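Peer 1: Residue strings, one per chain:
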Amino acid sequence: MSLSPRIVSAKTWLPRIAAIAFLGCGLTIAAQDTPLFSVGAGFFSDTSGGLTTLQPAIAPVLVAPLGKYLLVESRGDFREIYAQNGASNEYHSHFFASMAFAQLDIIASRHITIVGGKFLVPFGTYNERLTPFWIPNFQGGPLIYGIGTKPGGAANGGMARGDLYSNRDVQLSYVVCFSGASNIHDLQSARTFGDRISFFFPRQRLEIGTSYQRYLEQTHLNSEGVHLWWLPYRLPVEVRSDYAHTQTSHGYWLETAFPLFAGRGGHRLLAGLQPAFRMQQTFRIAPNIAGEPDGLPAVNTQEADFGLDYVAHGDMRLNTSYSRSFSANGNKNIWDASLTYRFLFPMWRGSK
Amino acid sequence: MKIQAKFAALLLSAAVGVCAVCAASQDQPPNQAPRRKAAQQQDRGERAFKANCSRCHKPPEQLSPRIAGTVIRHMRVRASLSADDEQAILKYLGL
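Chain order of the listed sequences is L and V. Residue numbering for the first sequence follows the working numbering, beginning at 846 and increasing consecutively. Residue numbering for the second sequence follows the working numbering, beginning at 188 and increasing consecutively.
None of these hints come from the bench; they were simulated from the model. If a hint is listed, it holds; no wrong ones were tucked in.
Label pairs and their in silico Cβ distance ranges:
| # | chain 1 | residue 1 | chain 2 | residue 2 | range |
| --- | --- | --- | --- | --- | --- |
| 1 | L | His937 | V | Ala270 | 50 to 58 Å |
| 2 | V | Asp271 | L | Leu1153 | 32 to 40 Å |
| 3 | V | Ala270 | L | Glu935 | 52 to 60 Å |
Remember, predicted model here, so these are calculated numbers, not experimental data. From the three backbone atoms N, C-alpha and C, an ideal C-beta is built for every residue, glycine too.
Isolated chain L, as found in the complex (with noise of 0.2 Å):
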């Protein structure tokens, strides 16, 4: 087949365009500011109800500035899932990959941020801060994450975010957001809006915040969320919350982890170990909307977590937790176990 001279043209033109762009911005990357990879590692182990699933994963992240004002982001998941047959007691496994978010990231002004791609959906704090396995205390994600977050946590389309406001005493940020609605299967998202605005006190370490979502599928549904965090300096507690509303049911999360020993002299082993504590409850108000699922247990149910965690040097992880859990379907245990690395390497020398 042959192609006109002008697609000819553009086709040898393009690729000289795009290198010449592409090297203009990496001329202007500040020497701290090379692209870096990080490769979070982990086994999980997870024991519910008496059926044991294992889990090995990988979470690569790439993060590339581009000149002064552009950056680009992305993190993918890879894992492998063992899981337990309840009749057979045999193990069946599959693969899983996904990609948590790849997205655009333009610093407008010192208040606005824009961001276009896929991202995380920025309702309550859970989704955008501990998804990432290497983060969080407790190894299960909440109850209530599905409030808000529809369809999978994840959005195509674009957001504005940033500081609006802060001085010594208070910062005030906002994130708006909107999605498309795809089908595509890596970028699965529905037509949204949302938005998050939050105070952040930072010497108390205090931050108060709401969110909203509109869901603007065939039902529109709305969810609002309120979320508090509370990490005191002189004290060695860490209280992290959320509460989540929708049509058909809402719910809450309050954890509590203590650092009973970091930063406070001691045996150096001692400073890594960490007590946790977290309360949830949900209430379904209404059964799901057919096709529509909050993704919320279909009674009401209240969980109790009890963990211990092991952090070493910020990058290594052992988290373990018991949690028993209360619902008119059955009460059950659940023991949790994981063991998670972080690697953080710049992926060229760059100069010094």
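Following the hints, position chain V against chain L.
Peer 2: Chain V only, in chain L's frame:
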């Protein structure tokens, strides 16, 4: 005579005062002001780091200076860091 004595005492006390001020100013090394400013910046950067980054995660064991700017820019987007906090944390990290 009394007036002269009073005047002499006043002169003496003024001279002592001037000497004391001079001595105090000589105690300080000439480059103290920049040092104090650097210490204040370091303190501000440490506070910004503790307030923003440590809210979600522990600091990594090692952070190569080559990628520190990239990490902070990522945090600026993810944690809605202010531009001032971004610069303060970069300085705190010694860059």
